[in-house]
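J.: Take the given structure of chain W and dock chain F to it, following the hints.
Top to bottom, those sequences are chains W and F. Here the working numbering is used: the first residue of the first sequence is 880, the next is one more, and so on. Here the working numbering is used: the first residue of the second sequence is 14, the next is one more, and so on.
Keep in mind that the hints were calculated from the coordinates and are not lab data. Treat the hints with caution; some may be incorrect.
Said to hold, decoys possible - Chain W residues, not near chain F, derived (Cβ > 10 Å throughout):
(1) H950
(2) E954
(3) P968
(4) G1043
(5) Q1071
(6) D1078
Stated by the list, open to error - Just so you have them, the derived chain W footprint on chain F, three or more residues with Cβ under 8 Å:
(7) 170-180
(8) 188-194
Unchecked claim - If you anchor each label on the Cβ, the simulated ranges turn out as follows:
(9) L250/F with A990/W: 28 to 36 Å
(10) N134/F with R986/W: 44 to 52 Å
(11) V80/F with R986/W: 27 to 35 Å
Glycine included, C-beta positions come from ideal geometry on N, C-alpha and C.
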Amino acid sequence: MLSLVAVSAGYGSFRALFDVSLEVAAGEAVGVIGPNGAGKTTLMRVISGLISPRAGELTMEGRSLAGVPAHRIVERGIAHVPENRRLFPRLSVEDNLRIGSFIPAARRHFAERLAWVYELFPRLEERRGQLAGTLSGGEQQICAIGRALMSRPKLLLMDEPSAGLAPQVVEQVFDLVRRIRGEGLTVLIVEQNVQQVLDIVDRAYLLEVGSIRLAGSSAELRDNAFIRKAYMGL
Amino acid sequence: MDIYLLEAVVNGLLLGGVLALLALGLNLIFGVIDVVWIAYADLVMCGMYGVYWLHAYFGWPLALACVAAIVGVALLGLLVHLLIIAPVLGSAPINQLLATGGLLYFLQSFATLLFGTDFRNIGVRLPVIELGGIFISYARLIAFAAALLGATALYLFLKRSYLGTAIRAISQDREVMGLMGVDQRRIYLITSAIGGALAGLAACLLALQYDVHPFIGNTFGPLTFMICVLGGLGNMLGGFIAAFIISQIIAIGGYYSSTELSYVLAFTLFIVLMIARPRGILAR
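Same shape as in the complex, but just chain W (with noise of 0.2 Å):
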C-alpha cells in the first residue's frame, strides 16, 4: 500500500533521514520504534506531505506522493494522527471531529462515520460538546485518534500515540489500536514504548540517527539481543 524508497530528508541543513526504504502492505499493522531524535516523527511528517524529500520515492497504492501538498494527501487515504495530538483546543470535541471529515469525500459520509467513531469511542459521544483543550490526556489522544479517522482513511499514521500518558491509560490506547486494526484498517506507528508496540503490530524497523537499522517480524525483534539490552532494558 505505501512504499518508501531510499527516502531522505532534513531540515534547512539538517539532515534527519537517510535513504530509508520501507514498505506497510494493505492490513498490516507496522511499527517504527527508535531513541529520540532518530527521525521518527519526521519520516511521519514526510509521509503526510507537512515536508517534502530531498530526495528518494514515496508511494501510496502505486501513485507517487512526489510534490503533493499536505490537504491532497489527506485525499488519498492517508490519516496522520500527529505527535503532541495537536487538537484545536477551543473547538468542542464534535468540531474537532467535523474538521477531521473535511474533504469532500469524507463529508459526504459524515453523521455514519460519527456514528463509528463514537461506537468506537463512548467516551468522545459523551464529551461530544466540551472543548477539546479541557479534555484529559487519554481522551485527548483518543479525540486526535477519532479526528483522523473521520476522514475514512485507508492508512493511518500514528506518532506516538502513548507520550505523555499515564501508564493504564497507554494500555487503554493501544488496545483502541488493537481495535482500529480489527477494523481492517492499515496502520503505521511511530513508538518509543517498544515492548508494547510490538505486542499490537506485525512488523516493525529499527530506526536509528535517520537510518533503518534493524527490520523485521514482532516476534523476531523481540528476541533480538540488541533490542532486548537497548530498548527493552532485558
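T.: Only chain F this time, still in chain W's reference frame:
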C-alpha cells in the same frame, strides 16, 4: 428619563449595529490571517461609491446596487489578499501593516483623483418615524436591522458549516489544518472575501445615512480599530460588545456635551481601559 437622552441611547444603539459589523469583519480577518487591514474602512468607502454610482448615477434600483456593491467589495477583499497580503504573509508584522496602510492612501488618493473631493449623496430620503416622542431615522433602523442580520448570518456560517468550522480552527493550529485536508490559502481567500462582503454591507447601510467622499473611511476606520482592540483583537464577541459600548459613549456623551467631545471621551475611556485590561474587555 429625559426623552432626549432616551433618543440618544436609541441612536447610539442603532449606530452600534453598523460599527459591530465592521468590527466583525476586521476581527474575522485578523483572527484567521493574523493581519490587520488598516485600509478596511476605505473598502467601505469604495462600496459607498459603488452604491452611489450604480444607484444615483446609472439609476439601478437601490437593492440591486447594494447587492452589486457587496459582491464588488468582496472581490476587492480577494484582490487585497492576493495582491497585497499574500506576498508579505511571511514577513514581519510591521511590513504587513505598512502594506495595508499604503493601500489606505492609495484608495483615498485614487478616489480623490477619480471623483474629486465633493460630498455625494445617493439621494434616498427615508422618513423619520416618531415613537412615543422620540424620533428615529428610518435609515438607521434599517441599517441596524440589516447589520444584526449580517452578524447572525456570519455566526451561523461559522458555527454550522464546514468552512466556518475550518475558519474558527485555523488560527489554533495552522499546520494541522493541512492534515485535515484543508488548503490554508483557500481559507485565507474565502475569509478575505467574507471580510470584504461585510465591508460592502456596511457601505450600503452607511450610504443611506452619510454623504460619500474619498475620506469617509477616516470617520469609521479609527473607531473600528478602537472597538476591535477594546474587545480584544480577533475576539469576535468582544468586538461586537465593544461596538455598542463605544457607540453609547459617543451618543450619550454627545447628548451631554458635543459630538466632538464625545469622541474625546470615547478615546480617553479607551486609553484607560487599555491600561486596565490591555488584552481587551473579554480577556481571560
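J.: Now look at each hint and say whether the structure bears it out.
T.: Quick rundown of the hints versus the structure:
no.: 1; hint: H950; verdict: violated, 5 Å
no.: 2; hint: E954; verdict: violated, 6 Å
no.: 3; hint: P968; verdict: violated, 6 Å
no.: 4; hint: G1043; verdict: holds, 17 Å
no.: 5; hint: Q1071; verdict: holds, 21 Å
no.: 6; hint: D1078; verdict: holds, 27 Å
no.: 7; hint: 170-180; verdict: holds (count 3)
no.: 8; hint: 188-194; verdict: holds (count 7)
no.: 9; hint: L250/F with A990/W: 28 to 36 Å; verdict: holds, 30 Å
no.: 10; hint: N134/F with R986/W: 44 to 52 Å; verdict: holds, 47 Å
no.: 11; hint: V80/F with R986/W: 27 to 35 Å; verdict: holds, 29 Å
Hint compliance for this structure: hints 1, 2 and 3 are broken, all remaining hints hold.
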